[in-house]
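Chemist: Chain by chain, the residues run as shown.
Protein chains: 2
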Amino acid sequence: MSTVIFALRRLDGGEAARVALPLVRRTRDPHEGQWALPGGWLDIAESLDAAASRTLAETTGLAPSYLEQLYAFGAVDRSPTRVVSIVYWALIRADEISEDAVEPLFATENVQWFDAAALPRLAFDHNEIVDYALWRLRNKVGYSRIAHGLLADEFTLADLREVYEAILGRRLDPANFRRQVENSGTLIPTDRFRTGSHRPARLYRYNQDVELADRGPLDAVH
Amino acid sequence: MSTVIFALRRLDGGEAARVALPLVRRTRDPHEGQWALPGGWLDIAESLDAAASRTLAETTGLAPSYLEQLYAFGAVDRSPTRVVSIVYWALIRADEISEDAVEPLFATENVQWFDAAALPRLAFDHNEIVDYALWRLRNKVGYSRIAHGLLADEFTLADLREVYEAILGRRLDPANFRRQVENSGTLIPTDRFRTGSHRPARLYRYNQDVELADRGPLDAVH
Numbered sequence: 001m002s003t004v005i006f007a008l009r010r011l012d013g014g015e016a017a018r019v020a021l022p023l024v025r026r027t028r029d030p031h032e033g034q035w036a037l038p039g040g041w042l043d044i045a046e047s048l049d050a051a052a053s054r055t056l057a058e059t060t061g062l063a064p065s066y067l068e069q070l071y072a073f074g075a076v077d078r079s080p081t082r083v084v085s086i087v088y089w090a091l092i093r094a095d096e097i098s099e100d101a102v103e104p105l106f107a108t109e110n111v112q113w114f115d116a117a118a119l120p121r122l123a124f125d126h127n128e129i130v131d132y133a134l135w136r137l138r139n140k141v142g143y144s145r146i147a148h149g150l151l152a153d154e155f156t157l158a159d160l161r162e163v164y165e166a167i168l169g170r171r172l173d174p175a176n177f178r179r180q181v182e183n184s185g186t187l188i189p190t191d192r193f194r195t196g197s198h199r200p201a202r203l204y205r206y207n208q209d210v211e212l213a214d215r216g217p218l219d220a221v222h
Numbered sequence: 001m002s003t004v005i006f007a008l009r010r011l012d013g014g015e016a017a018r019v020a021l022p023l024v025r026r027t028r029d030p031h032e033g034q035w036a037l038p039g040g041w042l043d044i045a046e047s048l049d050a051a052a053s054r055t056l057a058e059t060t061g062l063a064p065s066y067l068e069q070l071y072a073f074g075a076v077d078r079s080p081t082r083v084v085s086i087v088y089w090a091l092i093r094a095d096e097i098s099e100d101a102v103e104p105l106f107a108t109e110n111v112q113w114f115d116a117a118a119l120p121r122l123a124f125d126h127n128e129i130v131d132y133a134l135w136r137l138r139n140k141v142g143y144s145r146i147a148h149g150l151l152a153d154e155f156t157l158a159d160l161r162e163v164y165e166a167i168l169g170r171r172l173d174p175a176n177f178r179r180q181v182e183n184s185g186t187l188i189p190t191d192r193f194r195t196g197s198h199r200p201a202r203l204y205r206y207n208q209d210v211e212l213a214d215r216g217p218l219d220a221v222h
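If you read the protein sequences in the order shown, they are chains D and S. Everything in the first sequence is counted per UniProt numbering, starting at 1 for the first residue and increasing by one. Everything in the second sequence is counted per UniProt numbering, starting at 1 for the first residue and increasing by one.
Excised from the complex, chain D in its bound form (with noise of 0.2 Å):
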């Protein structure tokens, strides 16, 4: 079991946040030393859901909200001996990585968040699996609401930009992505507002009565 964890971080102190994950460095063989996916064993009685969960937290201490099966990868010649990975995807909120919570995990220098269109080669076939899973992440912000997944609940129409450019890696254009989300419906405006530095910018949420991803008869079952 592996899994993708997509959030948007800004990296090495850049202006623009970017699609970022969090790589475990291997501690023994094979591929010492070469960072890879957070994962470990399926338990004998346990779910697949339940194990990508609990292989989550035990690597990085990440609890994300969403967590959805990606793939299972078995090329014969991925691994020395035969290894089929059912690989998960998640994306985690901002406001699920406080500091407080996750860093400590991560100070061991073993846990890192890496830039996703910048990786160095990872152990076995971890670097195509993230580029599937990005592939599937770039797909379905087109047809569904999953962009929330990396937003907390209150958010700006900025904000929800900065996570479809970092996600499509292009910049749009302010007006337009305002007129397509309005016509949406999938946005509810709130009476708050953000201030700071800039003009007061209008917080809007989610219409919580849209699934942020309909997994069918899935959501029922697990």
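Any given hint might turn out to be false.
Stretch-level coverage of chain D by chain S, calculated; a stretch enters the list once three of its residues show a Cβ under 8 Å from a Cβ in chain S [stated by the list, open to error]:
#1 53 to 66
#2 76 to 88
Short, incomplete list of chain S residues facing chain D, as computed with Cβ under 7 Å [stated by the list, open to error]:
#3 LEU11
#4 ALA75
#5 SER79
Since the hints were made in silico from the structure, they are not lab data. Idealized CB from N, CA, C, for every residue including glycine.
We have chain D already, so just place chain S on it with the hints.
Modeler: What follows is chain S alone, placed relative to chain D:
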């Protein structure tokens, strides 16, 4: 490994085509005598995709052109011993199910087509798996040209509408449907017509520049 194979069939001499799938009668415990999805075990030196194709051919004789990983099912109690099943799904076109090639195998009475909307109680969690596959099919028919996976190379608009009606489980207005698909730009009219008891109907084909279903980076890898 198990596979859900969807085809469009006229069952029991019914008028309307239905989404149907072949099931295999189990000849041993657990669930001896019950119907189950075709499948088998992963070999040690075989990729997941290869195992899905092989087990499908061995159990049903079918070799669908569209075969894609669906989901890994791993509930602890889904089988008497702990078994994680990596499930594939396939679409098979009417012209891939020639009576010559396939029906002899089916004549063993241990393989049979069933209406996907009216299944008996299946072995293991296979009803749940079929429900999930049907949900994925309905979902995907909206935003990709996956309906093609159930059609011959050339088809009339009535053929195409029949596929959509069978998948969505409701009648569609012929004039609206024609306008929508003509506006979608995915169909190319040929200069051939189907003649018969009705007035001649133009044959169309799909624009092959568009992938049947975009699988992203995995298209290149597998």
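Chemist: If a hint holds in the structure, say so; if it does not, say that too.
Modeler: Hints and how they fare:
1. With 0 residues bearing a CB less than 8 Å from a CB of chain S, the region 53 to 66 of chain D misses the requirement of three and the coverage assertion fails.
2. Requiring three or more residues with a Cβ within less than 8 Å of a Cβ of chain S, the coverage given for the region 76 to 88 of chain D holds, as 4 such residues are present.
3. Taken as an interface hint, S:LEU11 does not check out: its beta carbon lies about 23 Å from the nearest beta carbon of chain D, beyond 7 Å.
4. The interface hint given for S:ALA75 holds, since its Cβ lies 6 Å from the closest Cβ of chain D, which is under the 7 Å cut-off.
5. For S:SER79, the interface hint is violated, the least distance from its beta-carbon to any beta-carbon of chain D being 12 Å, above 7 Å.
Checked against the numbered hints given earlier, the structure breaks hints 1, 3 and 5 and satisfies all the rest.
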